[in-house]
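Asker: Those protein sequence lines, which keep their order, are chains D and L.
Be aware that the first sequence starts at 1, since it is given in the numbering used here, and climbs by one per residue.
Be aware that the second sequence starts at 1001, since it is given in the numbering used here, and climbs by one per residue.
Derived from the structure by calculation, the hints contain no laboratory data.
Incorrect hints may have been included.
[Said to hold, decoys possible] Covered stretches of chain D, as calculated for chain L (at least 3 residues, CB under 8 Å):
#, segment
1, 85-93
2, 102-109
[Said to hold, decoys possible] Taking beta-carbon pairs under 10 Å as the criterion, some of the chain L residues facing chain D (in silico):
#, residue
3, Leu1172
4, Phe1173
5, Cys1214
6, Ala1228
7, Ala1229
The beta-carbon is built from N, C-alpha and C at its ideal position, and this holds for glycine as well.
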Amino acid sequence: MRGVRVEVDSASYTYADGTDALHSVGFVLEPGESVGLVGPNGSGKSTLLSLLNGLLAPTAGQVRVGGTVVQSSTLSEIRRSVGLVFQDPDDQLFMPTVLEDVAFGPMNLGCAPADAEARARRALDAVGSTDLLSRSPQRLSLGQRSAVAIAAVLAMDPDVLALDEPAGRLDPRARRTLISLLRGFPHTRLVASHDLDLVLDLCDRVLVLDRGRLVGDGPAPELLADGAFLRRHGLELPLGLGPAPGGTAAPSARNVPTFVWYKN
Amino acid sequence: MARPNAAPIPESEAVSSLADLQALDVLARLAGRDSPMHRLDARAKLLATGAFVVGVVSVPADGFASLPPFALLWLLASALAGLAPGRLLRPACAALPFALMLGALNPLLDRRPVSLGSWTVAAGWLTLATLLGKALLAAAACTLLAACTEFSDLCAGLARLGLPRAFTQQLLFLWRYLGVLAQEAARMARARDLRSFPGSAGRSARVAARLIGCLLRRALERAQRIHAAMLCRLWSGELPRARAAAFAGGDALFLAAALAATAACRFLPLTAALGACFARLP
Chain D
1 MRGVRVEVDS ASYTYADGTD ALHSVGFVLE PGESVGLVGP NGSGKSTLLS LLNGLLAPTA
61 GQVRVGGTVV QSSTLSEIRR SVGLVFQDPD DQLFMPTVLE DVAFGPMNLG CAPADAEARA
121 RRALDAVGST DLLSRSPQRL SLGQRSAVAI AAVLAMDPDV LALDEPAGRL DPRARRTLIS
181 LLRGFPHTRL VASHDLDLVL DLCDRVLVLD RGRLVGDGPA PELLADGAFL RRHGLELPLG
241 LGPAPGGTAA PSARNVPTFV WYKN
Chain L
1001 MARPNAAPIP ESEAVSSLAD LQALDVLARL AGRDSPMHRL DARAKLLATG AFVVGVVSVP
1061 ADGFASLPPF ALLWLLASAL AGLAPGRLLR PACAALPFAL MLGALNPLLD RRPVSLGSWT
1121 VAAGWLTLAT LLGKALLAAA ACTLLAACTE FSDLCAGLAR LGLPRAFTQQ LLFLWRYLGV
1181 LAQEAARMAR ARDLRSFPGS AGRSARVAAR LIGCLLRRAL ERAQRIHAAM LCRLWSGELP
1241 RARAAAFAGG DALFLAAALA ATAACRFLPL TAALGACFAR LP
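Bound conformation, chain D alone (with noise of 0.2 Å):
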């Protein structure tokens, strides 16, 4: 199955040093719905991601996947269906090879070793790095890494990707082959990122987060279109909705549909 319901049920969260990092979260991604989860540094962001999986477990309210609460009993039943995707790839591919690190998961999943690298090899191939298998990680470039930390996680076989500011430090086409390849993937889709640009590419929805609370959820297009709104919450207008370095509308192709004048 593709694609689970994830509910966050006003979700609290405070780390032992007593930040507060979440206060009372709470909303719904539906199946196989691309949402993006935004806000400034310390918002809060990758604590939620973390309470997906239960990484991290709430100090109030629930967490449920596909109907199934986060909890100490279920965490290896929500790990499985809740992949993370970390930061930074050099966190995740710690096995000597490509293929051993992308079969890590599967062989922990109790898959006997001619079956993991079946699957492992399935999810490079969605990836387009079955030409990686054999290098080792530490000779990646960035992009290569940050693919095959992807692929990592789709060789379990996950219903919802959990994704924390996947193109960070990726050079535009790295970034560009990343968004395309997220872009057709069935999973329920959290992207956590600054980059509203990408946000805007990848997520119908988009979830505002300011320190710790919830103060957004809307249809993108219309969220990431209020300059006001964003500034106040730490953020800027993305690239593609704002305007021009000489003060006026960027002609872009999202708010000036070319269209409209063959129409007429």
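Starting from the known structure of chain D, fit chain L onto it as the hints suggest.
Answerer: Chain L only, in chain D's frame:
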């Protein structure tokens, strides 16, 4: 304005220690090649190397004359691996300062006269030379092993020879993250150098101590993130076993030949025999 004679920016210590890591990286790249030696089972090579090192190290303190056959054996093995001896010896030289530290006083402490052909020298010089030769050969054997075996195969081989898996897993992680950590250290050192000026406190021990502390903290944070990433993929305490390669007949043959050759180098008077051969040449 261009200054053609501007002095080059001095390399910081961290960057030069990064160069040492690059030597490791060179060995790792060599390990990715293909040769009869590269194709052998890691266990056969590990045991052969171990025997060679024990053979070299057990040479008596004044037994310099027994070392040339070992050197020839090593040259033969590196030729089989298709590797240039120079590239292997350079990283092996890292062992020399330690040996030098141990034996530096030998020429002063042991002044018994020893005759070498027509020369007479203090016995201490001979024992020092033997010590350095032994250290270099033992280290060269290890670099040869590292240059013809992938590190992951080496760890798998060690595990299958009975080394605790916790230990081999630590080695694998060390290998994987050494470079990442070194790059982080180099970046921090560069940031420090860019903000310190002649006469400023930038290079003081206090700043260095903070830098090391900061690096340790970052390493810990990274370790926590890696641990979280492993938990996300249902890690339960043990890395999955790598594909088990069989110990083939060729591996056994190589090991037997290597052990026999090492024993011959150690116990037969090969240097004298070689010398006699050369003496008989017209």
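Asker: Each of the hints needs a verdict: does it hold here or not?
Answerer: Results for each hint:
Closer than 8 Å: that is the beta-carbon criterion, and the segment 85-93 of chain D has 5 residues meeting it against chain L, so the requirement of 3 holds. With 6 residues carrying a beta carbon less than 8 Å from a beta carbon of chain L, the segment 102-109 of chain D meets the three-residue requirement, and the given coverage holds. About 6 Å separates the beta-carbon of L:Leu1172 from the nearest beta-carbon of chain D, less than 10 Å, and the hint is met. Annotation: interface hint on L:Phe1173 holds; nearest CB of chain D at approximately 7 Å, less than 10 Å.
Contact between L:Cys1214 and chain D, as hinted, is not supported at the beta carbon level, the nearest pair being about 18 Å apart and thus beyond 10 Å. Against a cut-off of 10 Å between C-beta atoms, the interface hint on L:Ala1228 holds, since the closest Cβ of chain D lies about 5 Å away. Interface restraint check: L:Ala1229 against chain D, minimum CB-CB distance 5 Å, threshold 10 Å, status holds.
Violated hint for the displayed structure: number 5, the only one.
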